[in-house]
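Novice: Taken in order, these protein sequences are the chains called A and B.
Anchor point for the first sequence: position 335 equals 334 in numbering that gives the first Met the number 0, and the numbering is continuous, going up by one each time.
Anchor point for the second sequence: position 69 equals 68 in numbering that gives the first Met the number 0, and the numbering is continuous, going up by one each time.
Don't take every hint at face value.
Some but not every residue of chain B turned toward chain A, in silico, with C-beta under 8 Å [what the hints assert, rightly or not]:
no.	residue
1	S94
2	L98
3	R99
4	P109
5	A112
6	G167
7	R183
8	G187
9	G196
10	T209
11	D218
12	W220
13	T360
14	S399
15	G412
From the derived model, a few chain B residues whose C-beta atoms are all more than 12 Å from chain A [as the list claims (entries may be wrong)]:
no.	residue
16	V26
17	K64
18	G116
19	A118
20	K119
21	D135
22	E208
23	A308
24	A313
25	E314
26	M355
27	L357
28	E382
29	L385
30	S431
31	R435
Covered by chain B, according to a simulated footprint, are these stretches of chain A (three or more residues, beta-carbon under 8 Å) [said to hold, decoys possible]:
no.	stretch
32	96 to 106
33	295 to 309
34	358 to 367
35	380 to 393
36	405 to 419
Keep in mind the hints are simulated off the structure, nothing from the lab.
Even for Gly, the Cβ is constructed at its ideal location relative to N, Cα and C.
Number of protein chains: 2
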Amino acid sequence: MTSLMREPVFWIPYKRREEGMRDMKNVISAVCIRCGEEHEALPGITTCRKCGGMLDIQYDYHYIKANVSHAIMSGRGEGTMWRYREFLPVTPESSCRKLRVGGSPFYEVPHLAEQMGIAKLYIKDDGINPTASLKDRASAMAVVKAQEAGADTIACSSTGNAASSLAGNAAAAGLKTYIFVPERAPKGKVSQLMIFGANVISVKGSYEETFRLSAEAIDRWGWYNRNAAINPYLMEGKKTVALEIAEQLRWKMTDYIAISVGDGCTIAGVWKGFKDLYAAGMIDRLPRLISVQAEGCCPLNRAIETGKAWEAMAENTLADSIAVGVPRNADKALHAIRESNGVVVNVSDEEILAAMRLLGTGCGVFAEPAGAAGTAGLKKAAELKLIPTDATVVSVVTGSGLKDVANAMKAAGEPLTIEPEMNQLLEAFRKSGGPR
Amino acid sequence: MTSLMREPVFWIPYKRREEGMRDMKNVISAVCIRCGEEHEALPGITTCRKCGGMLDIQYDYHYIKANVSHAIMSGRGEGTMWRYREFLPVTPESSCRKLRVGGSPFYEVPHLAEQMGIAKLYIKDDGINPTASLKDRASAMAVVKAQEAGADTIACSSTGNAASSLAGNAAAAGLKTYIFVPERAPKGKVSQLMIFGANVISVKGSYEETFRLSAEAIDRWGWYNRNAAINPYLMEGKKTVALEIAEQLRWKMTDYIAISVGDGCTIAGVWKGFKDLYAAGMIDRLPRLISVQAEGCCPLNRAIETGKAWEAMAENTLADSIAVGVPRNADKALHAIRESNGVVVNVSDEEILAAMRLLGTGCGVFAEPAGAAGTAGLKKAAELKLIPTDATVVSVVTGSGLKDVANAMKAAGEPLTIEPEMNQLLEAFRKSGGPR
Numbered sequence: 000m001t002s003l004m005r006e007p008v009f010w011i012p013y014k015r016r017e018e019g020m021r022d023m024k025n026v027i028s029a030v031c032i033r034c035g036e037e038h039e040a041l042p043g044i045t046t047c048r049k050c051g052g053m054l055d056i057q058y059d060y061h062y063i064k065a066n067v068s069h070a071i072m073s074g075r076g077e078g079t080m081w082r083y084r085e086f087l088p089v090t091p092e093s094s095c096r097k098l099r100v101g102g103s104p105f106y107e108v109p110h111l112a113e114q115m116g117i118a119k120l121y122i123k124d125d126g127i128n129p130t131a132s133l134k135d136r137a138s139a140m141a142v143v144k145a146q147e148a149g150a151d152t153i154a155c156s157s158t159g160n161a162a163s164s165l166a167g168n169a170a171a172a173g174l175k176t177y178i179f180v181p182e183r184a185p186k187g188k189v190s191q192l193m194i195f196g197a198n199v200i201s202v203k204g205s206y207e208e209t210f211r212l213s214a215e216a217i218d219r220w221g222w223y224n225r226n227a228a229i230n231p232y233l234m235e236g237k238k239t240v241a242l243e244i245a246e247q248l249r250w251k252m253t254d255y256i257a258i259s260v261g262d263g264c265t266i267a268g269v270w271k272g273f274k275d276l277y278a279a280g281m282i283d284r285l286p287r288l289i290s291v292q293a294e295g296c297c298p299l300n301r302a303i304e305t306g307k308a309w310e311a312m313a314e315n316t317l318a319d320s321i322a323v324g325v326p327r328n329a330d331k332a333l334h335a336i337r338e339s340n341g342v343v344v345n346v347s348d349e350e351i352l353a354a355m356r357l358l359g360t361g362c363g364v365f366a367e368p369a370g371a372a373g374t375a376g377l378k379k380a381a382e383l384k385l386i387p388t389d390a391t392v393v394s395v396v397t398g399s400g401l402k403d404v405a406n407a408m409k410a411a412g413e414p415l416t417i418e419p420e421m422n423q424l425l426e427a428f429r430k431s432g433g434p435r
Numbered sequence: 000m001t002s003l004m005r006e007p008v009f010w011i012p013y014k015r016r017e018e019g020m021r022d023m024k025n026v027i028s029a030v031c032i033r034c035g036e037e038h039e040a041l042p043g044i045t046t047c048r049k050c051g052g053m054l055d056i057q058y059d060y061h062y063i064k065a066n067v068s069h070a071i072m073s074g075r076g077e078g079t080m081w082r083y084r085e086f087l088p089v090t091p092e093s094s095c096r097k098l099r100v101g102g103s104p105f106y107e108v109p110h111l112a113e114q115m116g117i118a119k120l121y122i123k124d125d126g127i128n129p130t131a132s133l134k135d136r137a138s139a140m141a142v143v144k145a146q147e148a149g150a151d152t153i154a155c156s157s158t159g160n161a162a163s164s165l166a167g168n169a170a171a172a173g174l175k176t177y178i179f180v181p182e183r184a185p186k187g188k189v190s191q192l193m194i195f196g197a198n199v200i201s202v203k204g205s206y207e208e209t210f211r212l213s214a215e216a217i218d219r220w221g222w223y224n225r226n227a228a229i230n231p232y233l234m235e236g237k238k239t240v241a242l243e244i245a246e247q248l249r250w251k252m253t254d255y256i257a258i259s260v261g262d263g264c265t266i267a268g269v270w271k272g273f274k275d276l277y278a279a280g281m282i283d284r285l286p287r288l289i290s291v292q293a294e295g296c297c298p299l300n301r302a303i304e305t306g307k308a309w310e311a312m313a314e315n316t317l318a319d320s321i322a323v324g325v326p327r328n329a330d331k332a333l334h335a336i337r338e339s340n341g342v343v344v345n346v347s348d349e350e351i352l353a354a355m356r357l358l359g360t361g362c363g364v365f366a367e368p369a370g371a372a373g374t375a376g377l378k379k380a381a382e383l384k385l386i387p388t389d390a391t392v393v394s395v396v397t398g399s400g401l402k403d404v405a406n407a408m409k410a411a412g413e414p415l416t417i418e419p420e421m422n423q424l425l426e427a428f429r430k431s432g433g434p435r
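Make a model of the complete structure from these sequences and hints.
Specialist: Here it is, written out as structure tokens:
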């Protein structure tokens, strides 16, 4: 079962495309992953016109190989996702320098590797992005493709990182946004949207009703659609995290990549990135994916475990960014996990909170719950001997803990509280095992 | 009047210094800015042993000139504050690669410049740092100097960005922290400290009582003291934002630098950075400082305006990070503003909130109130004709808006709220001037 067919299929009319912007020499076409139908890779394409399946951008790896190398790449000054332009579906004329997306920190943490009983561990902190999540990579791409399509307005329905990243990246590019949120959306996240000047429509209804109204509005006004479930370019933005990881590893891939999974778009994007590099001869082996979901919401991992089609699940986890009971990128995600000979692990909320503490105390990285879930899953996979003790692993942190202070407080524990007297401090230290 | 004399003066005993780490060829000494007494630049120094005045690190600019140039600098891969090592008081042996501090984005925003009626405007977004504020630069320096001093524990008393940056940077370096906060500290900020594994002592008392207890504890246990008011190295960390700005401008300085001012350490650090570059021949002119304080708390700007000594003020502003009624770095800050022939501007809370919207909608930058205050002051300075219409300006954003979501909500306004019906959307758009 997939939910793709239930969604209306919209196309930005071709006539909205600006002339003279066809020149993507590295891109061949956009192919339907379900029926194989080939489409011209126009900036406004969404899902397959024939069957409604997701499209996948196809590259000319001969062209890419002829135009880029390790040496060329490492000589570049550009410290953003656009550093990898040969691998990206944008025209040479497109201006991609709005917010500084990508180029996020990469830390080797030997003491955490030792603690987990694996050979090497690297943390990729993608919470360090302009709007504090990996989703900036997709939204930056959406903004460029919208401009290529000649659109001046982008829309989506979301309450989370997709929405805030779209609002921020569009503001920097001077594009208008319409963002539909269910009324229950947290005020803090809505304020982030409003600060970026998004037109926010708060809908008194469920997420499904909100999504449907947004779809109708996008259709009516011809806005550019930033929806990872139907826009094939967003995954191409997300894949840049994989390209960066490979370069930060000096093109020597680790055995595994651990990442949290919600609607499936991110893990599919990560896999696409590594496959692109492999096809272009930039890395000599592919890593295995460690797909981490929450125990209370793991439809994709369950499908892998049972070998059956995925089924919708309830959304019982505090990690809101991966609480996706009906994943909209199931096809691509399941394909990626299987093709990589991946490992699946489900983690409890307690394990997620513990991973937040581990990342904070162990390497000074403050992750939101969904951002720490990948590390929680890696730890569990090591404990369960799902990966060997000589494994080398990159764990991707997908969003900043400042996005969700309430859950950080759950994870963090309580301080010592005393009167302003040295005697009380000594007494408190004595009880808690502090200094004498 | 200054408050420096009221503070106890602590020295980490010299014997705590590790042997073989004296080799700072670029540093001459640490000189008291009040009495001129010269001190050896040991890693544990604090204030002047003779008079209690602040110390200032003195460099050998001949040595620096002989060892660095524009070309050498631009060839470096290191995208952090440690890129400027010739200008920094650290030994060659010191490992400075913990969190990736510095290398923050720099945006030219011509449309905002036009809107403000100035020639050029650049935004330096220092909210994009590991713990989301400029203070990471000072804390990263504190961590390195603590390690040079042989200390395994750092302490401070603060409720804000200094505390969270210390906790995060120390965690990444494997150092222990003791952080004293008054009980009224916001739970969210305390949770950030706890996530990073700081030992947080919540004191049932005023900030003054909290500070005093922390001083007593630091003295008792010999912890390394991360307090910008007495540790001369912190300003040297902060100055790296100026070095970066100069390089991002390709060494062609703007006429002005606008920045918000609280205890004075940051603006003094920025000035020190530009003066270092000028002394080393890396820039050919110095910018003028635009010192921005809140109308409800502007002791330093008032001293400049009146030409008298500064006097303590109440702390009436929502911009908590610059709500400093008794600035602890007054001497250096006032000297910097005067020496640069600076401009002072005080802004209301409403003007700060408006600047948050301007940065968000105009360039996709989400600033905390104190972080947006510099931009608010620049806008006001342009309106009041305190700066000319052909001025070129860099405005520094000192912290991320995700640190203070409550005030973002105040700034941001309310979304449209409707039932999930196209008719209601059309009606709401009709009333609000949306699309038809």
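Novice: Would you pick out the hints that fail for this structure and give their numbers low to high?
Specialist: Going through the list in order, the structure violates hints 1, 4, 5, 7, 11, 21, 22, 26, 27, 30, 31, 33, 35 and respects the others.
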